[in-house]
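**Q** First to last, the protein sequences are chains A and B.
In this text, residue positions in the first sequence follow the numbering used here: the first is 1, and each later residue adds one.
In this text, residue positions in the second sequence follow the numbering used here: the first is 1, and each later residue adds one.
Derived from the structure by calculation, the hints contain no laboratory data.
You may find that some hints are simply not true.
[Stated by the list, open to error] A short, non-exhaustive set of chain A residues, derived as facing chain B with CB atoms under 8 Å:
no. : residue
1   : Ala86
2   : Pro118
3   : Glu285
4   : Gly297
5   : Gln312
Every residue, glycine too, gets a C-beta built ideally from N, C-alpha and C.
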Amino acid sequence: MPDILLDAWQGLAPSLQDGLVLAGLLAPAVLTGLVVTFGFRPLVLVPSLIWRYRWTNLVFVALIAVSVGLGVGLTAQERGLRQGTARAAEKFDLIVAAPGSEITMLFAAVYLQPSDVPLLDGAAYQRIVSADNVSLAAPIAYGDSHDGAPVIGTTPQFVSHLSGALVEGRLFGRSGEAVAGSAVSLRLGAEFTPAHGMGDEADAAAHAGAGTVIVGRMAATGSPWDKAILVPVEAVWEVHGLANGHAPERSAQIGPPFDPEHFPGTPAVMVHAETLWASYALQSEFTTDSTMAFFPGTVLSRLHGLMGDVRQIMSMMAIVTQVLVTAGVLTGLVVLTRLFARRLALLRALGAPRRFVFSVVWCYAATLIGGGALLGLAVGHVATGILSREISRRTDILVDASLAWPEFHLIAGFVSMTMLLALLPAFLALTRPVIDDLRG
Amino acid sequence: MLVRLVASVLLLAASSGPSLSAGSGHAVGAAEHVSELDGVRIIHAWTRATSTPEALVYLELENRSGRTVSLIGGESESGSAVTLVGLRFRDGAAELVTLPAVPVKDGAELHLDPEGLALRVEGLKEPLHPGDVIEIEVRLESGHVDVDVEVEAADATGHSHAGHAH
């Protein structure tokens with residue numbers, strides 16, 4: 001593309017670019033229609049053809065609609081899942097942990113899929129807290145659970161950072177108090193005892209006597225933290241028989257500052273800086289032999305990048321599936337034209353030009369394709385909503401997918417391609433012998 | 001005699017081709033993998049082939065200078081501007097934002113990697129092809145470092161020598 005055009009294109013607003021791409025994709029269908037119908041008014045006959053074989057036509061339209069709807073529903077879902085997982089990680093600016101796998105730690109600290117990792121000690125935590133530009137450094141201590149809900153040890157400041165103001169109650173102020181995620185079934189005032197571990201292997205009796213009461217509830221975050229129960233990190237250390245992060249004379253304290261000498265360790269620390277440049281500086285500072293620092297968003301973005309080819313394959317498969325279904329429908333149309341072959345033959349016997357009959361058959365096929373595509377848009381909208389709810393339910397990540405420009409482009413490309421293919425049954429209809437068809 | 005003169009001029013013009021190309025910011029051939037200024041090393045600078053007027057340059061910066069240095073941005077004859085950018089996420093979508101500077105402590109490293117920090121070269125004068133080398137002048141608070149940036153494939157995820165010790 002010449003530079004001047006490239007510059008002009010890149011100067012356009014994204015929505016205008018998308019609109020122009022849509023127009024470009026629809027152009028072949030529109031141009032074909034203009035050329036095929038030039039000089040004629042074939043559309044006056046199409047409604048009667050459609051009504052005469054309405055049930056058969058309805059089946060054809062439904063087939064196109066379902067294939068289009070499922071295709072665009074799936075591609076929209078893939079985008080919604082990507083955005084949902086990224087949104088769930090947004091509050092986790094920078095994670096500092098012991099050196100290891102960034103992906104393992106991402107899953108553990110952000111998506112609450114715990115795994116055994118080395119702990120950061122008190123000295124490392126102190127270096128993080130003391131670093132320039134750190135406005136929040138919160139330990140994230142996982143490993144316990146209650147009735148399938150992860151119990152996470154952290155600080156009151158982290159709870160506020162994660163969800164903002166509580167929708168109910170107050171922050172925890174001592175060991176034995178907890179704040180529930182928005183989707184946790186325990187009510188305010190309910191008591192529970194954390195089990196050691198998670199899943200089927202969780203040991204419900206290991207922390208007997210560590211009764212905990214729910215004193216607050218977070219606002220929804222659209223992340224797995226909605227199903228978590230947050231407790232003071234001091235409580236997690238205490239129920240495991242460790243020091244509670246503070247010197248004995250301050251053992252009732254909740255939250256920072258922690259005493260490095262009484263800091264038992266934490267799998268991860270969430271670090272927040274007020275500016276992006278400061279976050280990158282902190283990542284550089286804490287990428288050392290003893291600590292690993294990473295941006296969850298970056299790791300996630302790389303994972304999404306790896307899936308880029310899969311996304312293209314999905315889009316291609318959606319188009320191929322739709323074209324195959326339409327090819328089947330058009331083959332059916334060839335058979336269907338036999339049903340009204342006598343009417344077409346009559347038209348020709350009355351002196352209708354061959355191109356007029358050609359345009360009637362093409363417009364008939366184009367109406368079914370266009371109707372199917374429009375109905376497919378509605379099916380896609382409904383399918384997207386159903387799939388989003390189901391994925392959100394199964395993953396605990398809020399997926400809020402909706403049809404957008406990529407899906408509109410997909411449908412426009414499909415309509416143009418199949419309307420060109422619809423020229424075939426129109427040609428075949430002209431090859432039928434008029435006299436034989438008139439005799440029926 | 002005239003034929004010899006013409007042949008000599010043509011030969012001279014042919015041999016000076018790469019230099020002319022290098023002067024305009026593009027060259028093809030071996031590139032320096034390491035650049036250094038007062039204990040600050042810049043290693044494995046690379047970018048992706050592109051036909052758009054913008055490219056993101058990635059590199060590794062090692063600070064062994066004995067003091068904190070700040071990466072500010074850069075300049076290049078290959079483009080109209082070189083700015084330091086970072087990736088920010090808003091409502092599930094990523095966007096590149098311009099950063100003023102990133103300080104790197106003594107003994108630390110700063111990695112400019114895909115989906116993270118980068119030097120954005122804007123207003124590229126020519127498309128970048130795999131195997132090309134462009135030159136940029138990386139601006140640090142303490143001075144400028146000339147860096148050869150190797151152009152990798154459009155879908156590359158790292159420098160082709162990534163992992164080699166220098």
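**Q** Now tell me, hint by hint, if it's right for this structure.
**A** How the hints compare with the structure:
Among the interface hints, the one on Ala86 of chain A holds; its C-beta lies about 4 Å from the nearest C-beta in chain B, closer than the 8 Å criterion. Nearest Cβ of chain B to the Cβ of Pro118 of chain A: about 21 Å, over the 8 Å cut. The hint is violated. Because the beta carbon of Glu285 of chain A sits about 5 Å from the nearest beta carbon in chain B, less than 8 Å, this interface hint is met. Interface hint status for Gly297 of chain A: upheld, as the beta-carbon distance to the closest one in chain B is roughly 4 Å, under 8 Å.
Because the smallest distance between the Cβ of Gln312 of chain A and any Cβ of chain B comes to about 12 Å, over 8 Å, the interface hint for this residue is violated.
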